[in-house]
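Undergrad: Here the sequence shown stands for residues -25 to -1, 1 to 513, numbered as in mature numbering (1 follows the signal peptide of the UniProt record, and there is no 0).
If you're looking for bench data, these hints aren't it; they were derived computationally from the structure.
Please read these numbers as outputs of a predicted model, since none were measured by experiment.
You may find that some hints are simply not true.
What the hints assert, rightly or not - Okay, the calculated beta carbon distance ranges per label pair:
1. Phe97 <-> Asn199: 28 to 36 angstroms
2. Asp380 <-> Leu401: 50 to 58 angstroms
3. Gln68 <-> Gly35: 39 to 47 angstroms
4. Phe102 <-> Ile325: 49 to 57 angstroms
5. Asn53 <-> Phe97: 32 to 40 angstroms
6. Val330 <-> Asn52: 43 to 51 angstroms
7. Glu33 <-> Asp380: 20 to 28 angstroms
8. Val100 <-> Val146: 14 to 22 angstroms
9. Arg433 <-> Leu32: 22 to 30 angstroms
10. Gly98 <-> Gly119: 22 to 30 angstroms
11. Lys138 <-> Asn487: 29 to 37 angstroms
12. Leu32 <-> Asp355: 28 to 36 angstroms
13. Gly15 <-> His46: 40 to 48 angstroms
14. Lys8 <-> Asn144: 13 to 21 angstroms
Said to hold, decoys possible - Simulated pairs of lysine-lysine, BS3-like, Cα-Cα distance not exceeding 30 angstroms:
15. Lys249 <-> Lys99
16. Lys249 <-> Lys167
17. Lys249 <-> Lys416
18. Lys416 <-> Lys354
19. Lys167 <-> Lys389
20. Lys354 <-> Lys287
21. Lys389 <-> Lys305
22. Lys9 <-> Lys287
23. Lys8 <-> Lys167
24. Lys354 <-> Lys8
We treat Cβ as the ideally placed atom computed from N, Cα and C, and that holds for glycine.
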Amino acid sequence: MKISSTNYFSCLFFQCLLLFVYVNSFEEQKNVKKSEFPDGFLFGTTTSAYQIEGAVLEDGKGLSNWDVFSHSKGRINNGDTGDVADDHYHRFQEDVELMHSIGLNSYRFSISWSRVLPRGRFGKVNFAGVTFYNKLIDSLLLKGIAPFVTLNHHDHPHELEEKYGGWLNPVMQEEFSYFAQICFESFGDRVKYWTTINEPNMFAEMAYVRGVYPPARCSAPFGNCSAGNSDTEPLVAMHNMLLAHAKAAKLYREHFQPKHGGLIGIVVHSFMYKPLRNNDFDRDAANRAVLFTAAWVFDPLVHGDYPPEMRKYLLDSLPRFTSDERKLIKDSIDFMGINHYGTLYAKDCIYSSCVCSNSSCIAGGDHPIHGYLITLAEKDGVSIGEPTGMSRFFVVPNGMEEIVDYMKKRYHNKPMFVTENGYASLNPTTAQADELQHDTKRVEFHKSYLASLARAIRKGADVRGYFIWSLMDNFEWTSGYDLKFGLYYVDRSTLDRVPKLSAKWYTDFLTNNSLNGEETGKLITFKYSSQANHLSDK
């Protein structure tokens, strides 16, 4: 084929333009600085109670839904459980020292509902559990680290599941509101950042669509469960979680916010989506994908009702709010928490057939619960970004800027926190600890996503914090301990915390030292001691 000189120089120009964009993007990533973020910006890490605390039945704690589920055969990789996890319950003071050595100014963690209220409303408050969180909060504040507290991160007392059927029962709204009240009364004088529920959209999906989280309810083609209806139960569970949030937020705003001056919000799992094909059908599908996931939560809590597109496809399966409930939920958040881990392609299933052929695709595109679409990570055999240890998490840094920009426009630039962003590496069976610690890909991941976030902020997005998932390797739900997100490596036999390269990089970033790893600050390595910090009143 003969190429004209005009076409040749056009191609050359295009290649040079792509190279210019790539080089500039790389340099921006390489040189991202803390100074690019607003004064008072929160830089932290995130964990959750079940994933790190351990102490499964110590000091009056009751069984949670995850305590029971993780002991069910075949549910968790390798038969792992959170019975010990990272033993944070006994080592919290050491872990606060780790945070301080990095230079964090905030730490996001969750409160174990079953540790504070083992039996819900009809049992007694477990004051040993309250004491634990009081000591954790006080230790953080002593080091200049602001506690950023999540009330519910996938776990609740197992008795509420047995007694009521969990989030499928409206009674859970009152149970959660009472739990929130106990926490506000116990910790509200020192906690200025509250989130009610972590990722209600993800919990509804995993527990009631796919059936891989407790209570493991689902129906075909989404999963193989003994009971459940994947087309309707997730909608009921979400409806109850949203109203539970709203009741807790009302309680906080009326009785605690005036004297404590804090903020309350909710956290949503937020992928960004791109059309698989360059046509209007897939562009609409990419938009619906956001509406059926993130907007499923945020639209009611900001605008007072579910997205119209959800009503269009789900019809009467989607519960309706009463007029009083719409007043209750509308504007019931002071900020939005965004957990962002990657970007996926979306393909329309209304006007074309959809077949899942790889692990990044979830079946059921011909069902309204997913908006008549499928999401996947490959196009013509090429991944949307570099793969990570999780089948649906791919490295697409500009997705951060795009999802933040989307939220800014749809929700009138309501304040946002990136409450989770992290890189999953697998636990290689042949790797030694030092290989796991030299996590250069995690460093590049966070640098590129921070650069993308900085661009969104420069464009006017009111983002006020960024939290890395996670402080340390921990129990990653159904993956057990195989997946590694932490800045600290945790030796499973000794529970020693050893800093990875990413911890050293984050320290340098926060102290404006070398960003490239040549010079690193001194970080603490904690090893097991028989005199590890236990609860005491001394």
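Undergrad: Next step is simple, just say for each hint if it's right about the structure.
TA: Each hint, compared with the structure:
{"no.": "1", "hint": "Phe97 <-> Asn199: 28 to 36 angstroms", "verdict": "holds, 35 angstroms"}
{"no.": "2", "hint": "Asp380 <-> Leu401: 50 to 58 angstroms", "verdict": "violated, 32 angstroms"}
{"no.": "3", "hint": "Gln68 <-> Gly35: 39 to 47 angstroms", "verdict": "violated, 21 angstroms"}
{"no.": "4", "hint": "Phe102 <-> Ile325: 49 to 57 angstroms", "verdict": "holds, 55 angstroms"}
{"no.": "5", "hint": "Asn53 <-> Phe97: 32 to 40 angstroms", "verdict": "holds, 36 angstroms"}
{"no.": "6", "hint": "Val330 <-> Asn52: 43 to 51 angstroms", "verdict": "violated, 27 angstroms"}
{"no.": "7", "hint": "Glu33 <-> Asp380: 20 to 28 angstroms", "verdict": "violated, 45 angstroms"}
{"no.": "8", "hint": "Val100 <-> Val146: 14 to 22 angstroms", "verdict": "holds, 19 angstroms"}
{"no.": "9", "hint": "Arg433 <-> Leu32: 22 to 30 angstroms", "verdict": "violated, 50 angstroms"}
{"no.": "10", "hint": "Gly98 <-> Gly119: 22 to 30 angstroms", "verdict": "violated, 36 angstroms"}
{"no.": "11", "hint": "Lys138 <-> Asn487: 29 to 37 angstroms", "verdict": "violated, 53 angstroms"}
{"no.": "12", "hint": "Leu32 <-> Asp355: 28 to 36 angstroms", "verdict": "violated, 52 angstroms"}
{"no.": "13", "hint": "Gly15 <-> His46: 40 to 48 angstroms", "verdict": "holds, 44 angstroms"}
{"no.": "14", "hint": "Lys8 <-> Asn144: 13 to 21 angstroms", "verdict": "violated, 50 angstroms"}
{"no.": "15", "hint": "Lys249 <-> Lys99", "verdict": "violated, 49 angstroms"}
{"no.": "16", "hint": "Lys249 <-> Lys167", "verdict": "violated, 36 angstroms"}
{"no.": "17", "hint": "Lys249 <-> Lys416", "verdict": "holds, 24 angstroms"}
{"no.": "18", "hint": "Lys416 <-> Lys354", "verdict": "holds, 23 angstroms"}
{"no.": "19", "hint": "Lys167 <-> Lys389", "verdict": "holds, 18 angstroms"}
{"no.": "20", "hint": "Lys354 <-> Lys287", "verdict": "holds, 29 angstroms"}
{"no.": "21", "hint": "Lys389 <-> Lys305", "verdict": "holds, 13 angstroms"}
{"no.": "22", "hint": "Lys9 <-> Lys287", "verdict": "violated, 44 angstroms"}
{"no.": "23", "hint": "Lys8 <-> Lys167", "verdict": "holds, 26 angstroms"}
{"no.": "24", "hint": "Lys354 <-> Lys8", "verdict": "violated, 34 angstroms"}
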